[in-house]
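Q: Residue-level listing of the chains:
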Amino acid sequence: MVFDYSWLIGGPQGSGVDTAANIFSRVGAKLGYHVFGKREYHSNIKGLHSYFVVRLSDNKIRSNVNGANIMVAFDAETMIRHGLSISKNGAIIYDSSIVNTSIDEIPTIEADHRVRLDEFFKSKNMEPKVSSIIELAKESGVNVYPISFWDALSNIADELKRPELSRMTRMFNVLGVSFSLGVLKAPIAPLLESIEEIFSAKPTIADLNKKAANFAYNYASAKFSGFNASLNETDKEPNIMLVQGHQGSALGKMVCGCRFQSYYPITPASDESEFLETHEILQVKEDRPGSTTIVQTEDEISAIGMAVGASLTGTRSATSTSGPGFSLMAETLGWAGINEVPVVISLFQRSGPSTGLPTRQGQDDLLFAINAGHGEFPRIVYASGDVEDSFYDTGKCFNFADVFQLPVIHILDKFIASSVVTCNRFEPDLVSIDRGKLLEKIDGDYKRFAHSPDGISPRSKLGLENGVFWNTGDESDEHGHISEDPVNRIQMMDKRQKKVEQILTLVPKNDQAVAYGKSDICIVSWGSPKGPILDAIEMHRKEGHEIGFIDIKLLEPFPTEHVKSLLKDSSVIVDIEANMTAQLGSLIRKNLLKDPDYYVLKYTGRPMTCIEIFDSLKKILEKKAEKRQVLLYGD
Amino acid sequence: MAIKLGDYKTGVHNDWCPGCGDFGIVNAIQMSLAEMQIPKHKAAIFSGIGCSGKTSHFINTYGVHTLHGRVLTFAQGAKIANPEMTIIAAGGDGDGLGIGAGHFVAAGRRNVNMTYIIFDNAVYGLTKGQASPTLKLGEQTKSLSNPNPNYNVNPIALAISSGFTFVARSYSYDVRQLKDLITAAVKHKGLAFIDVLQPCPTYNDLYTRDWFSGIDQINEETKKPTPRIYNLADVGYDPVVHYSTTTELNEKLAQALEKSLEWGDKIPTGIFYKNELVTPYTKRITDKVPNYLENPAAKQKISKNGKPTTDISTILDSLRI
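Protein chains in written order, with my numbering: chain A, 796 to 1430; chain W, 172 to 492.
Check each hint, because a few of them may be wrong.
Said to hold, decoys possible - Below, simulated DSS-like cross-link-like pairs (lysine-lysine); rule was C-alpha separation at most 30 Å, straight line:
no., chain 1, residue 1, chain 2, residue 2
1, W, 360, A, 1232
2, A, 1419, A, 1337
3, W, 472, A, 1242
4, A, 1242, W, 437
5, A, 1080, W, 395
If you're looking for bench data, these hints aren't it; they were derived computationally from the structure.
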């Protein structure tokens, strides 16, 4: 029997839910499980609800399931929101003081949600209270474990003779994770180790938390010893890392030589820039240390302007943003296009339009990325499907930018950025660096935009002797001086456009689109649905149904021929993506002249689970599916 | 071999209107580069949009004609990535103080070691004479259908309050003074700003060459015009912050702000404020990254035989479970 177990912790933002989840994830990884965790939070600093689900499994996992097996709730809202998503034979560990809290006493539940809850409790003939949730959970076979978190704090305070600790509710999180691990009979050593590692910079806090953890672990394992599931030491694969989503592209940038990044703070992109800045001094083999210069700018217009300016000096340069910031970058994107400047824009999508759902998942910027900026110019839009891909893809994006001399939009998203996963140690040796026609020395005459058969001219950089050039956002001649001559205009437009053909010829097929098995029924998708899709088709495979999956990574220019050839043996095409209008679907229709047979879409702002995709595919297999299915799971 | 003034000129046809103040500015930049003997590949002129935006095409150094209002962003990025370059940014008053005002303020706070020249003619020339941010409230230049309904930006005061550490004004027909100021600005350790007053002979019929030369202010004794423009250096004005005391700093800031308000019969030019005691951005980076100046972004070796040389194994080890 494969062990596959999900743990949920919730609480008000700012109360340390992340730290608790971090500890649990580390413990899971230390025990040798595969880990997949996702964080959900509001656009808020303190008080609104946030939660973390960490899934552990013996097998490789790439997504969450629906619900969880075990949950810790020290506030009433977590209980109300998630109490009924705990599966049969699972467990709810909760603070006994919340039992009588009614939903009216929880102001942070949205008005619409409150109405739904009222209707729900009315239909069950129950009071709208935490106690009703507990009762329903029990009825469905969930074990409920009331614990007084407050008493636990007092006991710890007494034991340590530090009365002030009895009011330290921040400790609830460490208590919660330790109670859980006690119930799950996990070995205690990884718990204490994890706390020590996480608080390594603050030894006294580490010590305090370890004492609290010890207390809570022992208390729960003694009191609730009969629970049916346990966490054990399993065979650990070598070279496994526990990474947060934003670290993949940040580490990719360090390795591939990105030495300048400018950014304006925005969720969910800023974490990547902050990680880069924390590690700004870089160790370099057989050389003095290098560094990444990170500049926090006054807005996103400045962020891309600075990145383009830095790129003109020959520096591999990038900016990192999300939809609203990318909107502001559109004009400069065109400037980089007409001036053939290599620059990488890491676009961490979230749900739009406008500010939309600022902290929630969405894939609604694909067509915007492809079309942003006025006028016609080539660009590359490239999407990564998960953290591991994002590390390697980052290096590829910088190579594309240098080789084809154009802006590259590297699409990631909130789902990737705020997930925590175990994966194989990144291998920098698998990354190659190709700077294309960047010159290190120039003799004689030089023309920055000299015509060439492939449309790509040798590139000078600011500071290079004999390499003086001009740039302008106007149409220009081969030197880069303004020209409105109609003959020059058509030559220059055609020169730049030749890159499209070059891209489709030179980018390896397997970097354009990846086929994960082929079958009569074949999924097409892009970006982060990859994980839940792979998990879902694995589940169908176990039930004897083969479903193919094409992950399209190069989205502009669209690799029509390659995708066509990958789909040639499939008669049923299912487009899966996290937006309302099926944006990839429109590219398929336009380029392949084919309407996908089914669409599975999600735009609630919550990531897809493998269960949802499994279910929607099942309907398709059973020929019971509507052409368009909309996924709704998640809070 | 010495670099000659002519070496900084390109063969690009100059399409500015006859009598345009822009000519004086481009000449002064070229003269200053020649005076400092800066090799042409070691300098870059960044320009904004509008008539002044074409400046970079007339100067034979690296030339980057950017976007409307965004010139400082491109210029700072280049300078931070390659601090060996001499960077001069140039743009109009609408470019820098209207659409680009946010970048103007942010650049002051950053104090990157480079020079920013604003071509200040109080109108949007290339779009046929609309009011720019430096045109005063109620003034009506010839293509306006109504008097200007907006109060003006005071570029000198804005620069001083934003953190620019070298703030000067010049007049485009005083090419010699302007050249000297550009040289001083380039040599200044920090962000230097020069507001250059310049007539737009086509669209600004208020601030004309004659007006600046005081043709309406005839001295009764000499029967000659009394020029509006005067040089602060000629009246014993000391713009420099010499000591890092709050008292002196406040005095110099207050004096500069007061001078920035002088307008009308007499218009001060020259250096209003200069403070090299404020750390330039370079220093703010070297405090964190000690070898930044020897090994800045643009100079770093990132690969050997197509393979990365950056060693991230320590970070990867820390992520290992």
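Q: Against each hint, give a clear statement of whether it holds in the structure.
A: Hints and how they fare:
A C-alpha spacing of about 35 Å is found between residue 360 (chain W) and residue 1232 (chain A), which places the hinted pair above 30 Å, so the restraint is violated. Between the alpha carbons of residue 1419 (chain A) and residue 1337 (chain A) the distance comes to roughly 21 Å, so the proposed pair stays at or under 30 Å and holds. At most 30 Å may separate the alpha-carbon atoms for a hinted pair to count; residue 472 (chain W) and residue 1242 (chain A) meet this at roughly 25 Å. Using a Cα cut-off of 30 Å, the hinted pair residue 1242 (chain A) and residue 437 (chain W) is violated, with the two alpha carbons roughly 48 Å apart.
For a cut-off of 30 Å, the pair hint linking residue 1080 (chain A) to residue 395 (chain W) is broken: about 73 Å separates their Cα positions.
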